[in-house]
Amino acid sequence: MKVLMTEYLRIDLETENWECRVCDHVIGSAKKSYKEGLLVNNRDPREIHPPILDPEKYRFTFSPDPEWVRILEFCCPSCGTQVETEYAIPGHPPLYDMEPDLPALKAQWAKRGEQKTPVVGPAVAADKGHGH
Amino acid sequence: MSEKTTQVASKTPSAEDVALIKKFLNDTTLFLGPDPEIMQNHDLMPRSAEEDAAMKGISDAHTVAKIRDRIQAGCDEGYEMVEQMGAAPGAKWGDIITGVYSASGDLAIASAGGVLIFSALVHHPIKFIIKNWVNEPTVGVREGDGFIHNDSRYGNVHNTDQSMILPIFHKGKLVCWVASTVHEGENGAIEPGGMPSMAESPSDEGLKMCPFKVVENYQIKRDILTFLQNSVREPKLQYEDMKVKLFACLRIKQRIEETLNTDGPSALIATLRTTMENVRAEVKRRVSEWPDMTVRTYIIQDSTLRENCVVKINCKLTKTGDRLIFDFRGSSPEFTNRATNTIVAGLKGMLAQVFLCYVWPDLPRGQAAFAPIEVITDPHSIVNCSYDAPNSQSLMSIFTGFTAGQHAVAKFLYSCPEKYTKVHAPTFNMINTFIWGGVSQHGETLGNLCADLNGMGGGARADLDGEHALAPIFATMADIGEQELNEEDVPFLQLVSKKMTRDAIAPGKYRGGQGYTMIVATKDSEQWGFMTTAQGAKIPPIQGLFGGYACGCYPLSKVKGVDVYDVLQNDPSKFKHSIEEIMNERPFEGASYSTYHMGMGFEISKRGELFMISQGAGAGYGDLLERDPAGVIRDIEEGLISQGVAERLYKVKFDPVTLAINQEATAAARDEERKARIARSVPYAEFIKTWNKPTPPSHLQYFGCWGDDVTKLYMGSADKFRDASTPRPNYMTHPKDVRIAELEARLAALGAMGGEKQ
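So the protein lines, in turn, are chains A and B. Counting from 1, one number per residue, gives the positions in the first sequence under this note's numbering. Counting from 1, one number per residue, gives the positions in the second sequence under this note's numbering.
No lab work stands behind these hints: they were computed from the structure. Some hints could be false.
Claimed, not checked - In silico lysine-lysine, DSSO-like type, Cα no more than 30 Å apart, as pairs:
no., chain 1, residue 1, chain 2, residue 2
1, A, 106, B, 689
2, B, 213, A, 32
3, B, 606, A, 57
4, B, 689, B, 675
5, B, 419, A, 111
6, B, 173, B, 236
7, B, 422, A, 2
Said to hold, decoys possible - Here's a subset of chain B near chain A, in silico, CB distances under 10 Å, partners left out:
no., residue
8, 281
9, 282
10, 298
11, 653
12, 657
Unchecked claim - Counterexamples of contact, computed for chain A against chain B with all Cβ distances above 12 Å:
no., residue
13, 14
14, 54
15, 66
16, 127
Glycine included, C-beta positions come from ideal geometry on N, C-alpha and C.
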């Protein structure tokens, strides 16, 4: 059985591996951080959040300061899908952000049955409102 | 001279001795300060004998539902009264709440609209009143009494928020409490508007009211009122809103009495307790449906509002069975002389909003929804500060704490089949608005803020973009107000208002909702000024979700040396309607143009000078290369993003004139970008060899743990730290002294100090 853990990641409960939901690439052991099986790019935040004010003229420009923060971009080595971002202080070790308890996950899903598509959650229906 | 002493084995005191010691201490208490027994506990009080008996007598769920609906309607009625009659801008735009509390002080039912966190934290002052004033012969709690409170060390968020608390009696017996809370704004602090970022101690933060009696026989005591009016800058507002809150409470009291007359006190008591216990049990059941997991995240505050620095809010969220534990250890130490600290109750109150506003909005609004959830913090940290630390800007820490919680919770919810809302990327979390004060065009002294703080951009959801300028994270049903109404009372105009700030984006498969530009200029007063109190001009204060990006940064821009009203009268074509154009094109000759972080202390403004800021965007969700190209074009058409940025980031190919999408070229460009990603990225193991550093970087003033070691808290540099469990003072130097020292060093280096004697 496979459990859909994020938009792009699932865990195969039999093999206990993280997998890419886009290309089915086996990323690595679910006993470790999925990030260990991904590629990382140290992105200058100004490339994503462009300066709105002229950086030649001003100290603050609407862009994050690249000396203060970087964007760690994690992508699947097989298909290049961007699985996660982490806004990180330069040099701060990347977070082990999702550490599931595999035996508990297996026990929980044994009662449920596999879900091939994620449950999105309820939609907020537009109210027709009050009319005259 | 020395004196020898002989050690004597200590004697264990008997029960009688203990009782005597306790009585002695109670009788001789010199100061009833904030009570840790009350302030550290957010769970429900134990079921009392009265509640137990009442619940045994009421087994009919329909009766409970009927009474709950009546009380709920009463709370909503009180809320409407405060919103319609309140004088504070916060009251007009929904920064208020009403609620009904059990006889033990727990919030059972709150109004459907308004700022739930206010009432969710009023149980602390009520419990203080119960513990200290009920049996105190000089105070007492009687029918017709009303108590006022605003000191967050005794409960609630910060001391702009004033509560009116009334005990409700039935045939001489206390059956419950009602309370109404409003963000009043002015409180006599060293800066107008009630949220001084310049405060360096609690003594700078203005009026701090521990709970005390201000109403007897349902009448406000005029002598105390006059003292309170003298303590703030808006004496009329102080009186008006005390009356409004009192009468809202009396209306709720009336509704409660109607229930008491038809169903009796037992039915009411049973309803309040059953509601809370059912919610608490349901929360534990819902948590048990989540995966057992630990999720780690951190949010960075990039300033203390006085100076830029890196302040970490560290969060580890663990779910095991039906237990959910927020662990904020490793967050920054408290600042001894900066106002961004929060008492831990404020953090808990805001975390409760994650669940009641964004995860389980179907649950009855009350204290019970967060009651079973556990929170761990370091003592004397920025999220659990001491009572001697200033906390008037606690919003900075409770909001970033909220975002850490919201970010972590989303990673639990994705796989959970049982959902009550869609998985949600973090909402923008800073109060990007103008706080203002001075003497108005009508000669009145005022101090308050623009309700634009309520226009935070919503985070993207699992299948939808975020909503623009949606709502504040603390009140999903608040309004951003009518600026034109505000301008009748204040001597400044918002020359640009509610216009989306182009390219201030949070990209993703679904993008975050964006924020809007605010450009203000004083017009009709020589004694008027502004302040801004937000972080995020150097580092975004949120994180993206599942490959989506956070928002960018939001600075303050000023144009001085211009009277824009003269410009508008004489040559209106020179005026531009965006910060981008005004700052980059510099259309006003002779004016000075400058940028700052968003912690502007109160500053007097001159007629026609421009102060310009933007509300922020919620975070993006998912890989931006999966964004529907039509959505990108719609964002261009709506002025949210420029063509160049859209093409460069989203790799959408389109005709620049017609905006017609070239689908094939877009698909090819995106395929190319995925390959380029792989080419420019490196394997994780290789990456961390060069990226990971053992200590914080030397060029940043860094506060909090580094990496996973939460036992060591850095206090500004790699060689200055404290043990997490051992508090130490953490003083910051005045930014002007820092600047003077820098300039003197440069003068000294040039030999230009002129032999000045030291």
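Tested hints:
As the CA atoms of residue 106(A) and residue 689(B) are separated by approximately 34 Å, the hinted pair breaks the 30 Å bound. For the given pair, residue 213(B) sits about 58 Å from residue 32(A) by alpha-carbon distance, which is inconsistent with the 30 Å threshold. Straight-line distance between C-alpha atoms of residue 606(B) and residue 57(A) comes to about 24 Å, which keeps the hinted pair within the 30 Å bound. Between residue 689(B) and residue 675(B) the CA atoms are separated by roughly 24 Å; this keeps the pair inside 30 Å, and the hint holds.
Proposed proximity of residue 419(B) and residue 111(A) is supported: the alpha carbons are some 17 Å apart, at most 30 Å. Of the supplied pair hints, the one linking residue 173(B) and residue 236(B) is violated, its CA atoms being roughly 35 Å apart against a limit of 30 Å. Note on residue 422(B) and residue 2(A): the hinted pairing holds, with a Cα-Cα distance of about 21 Å set against a maximum of 30 Å. The closest approach between the C-beta of residue 281(B) and any C-beta of chain A is roughly 20 Å, which is over the 10 Å cut-off, so the hint fails.
Hint status for residue 282(B) relative to chain A: violated, with the closest Cβ pair at about 17 Å, above 10 Å. For residue 298(B), the suggested interface contact is upheld, since its CB lies about 7 Å from the closest CB of chain A, less than 10 Å. Taking 10 Å as the C-beta cut-off, the interface hint given for residue 653(B) is violated, the closest approach to chain A being about 18 Å. For residue 657(B), the interface hint is violated, the least distance from its beta-carbon to any beta-carbon of chain A being 22 Å, above 10 Å.
Listed as a non-interface residue, residue 14(A) keeps its Cβ farther than 12 Å from every Cβ of chain B; the least gap is roughly 17 Å. Non-interface status of residue 54(A) relative to chain B is broken: a Cβ of that chain comes within 12 Å, the nearest being about 5 Å off. A beta-carbon of chain B is positioned within 12 Å of the beta-carbon of residue 66(A); the least distance is around 10 Å. No Cβ of chain B approaches the Cβ of residue 127(A) within 12 Å, the least distance being about 14 Å, so the stated non-interface status holds.
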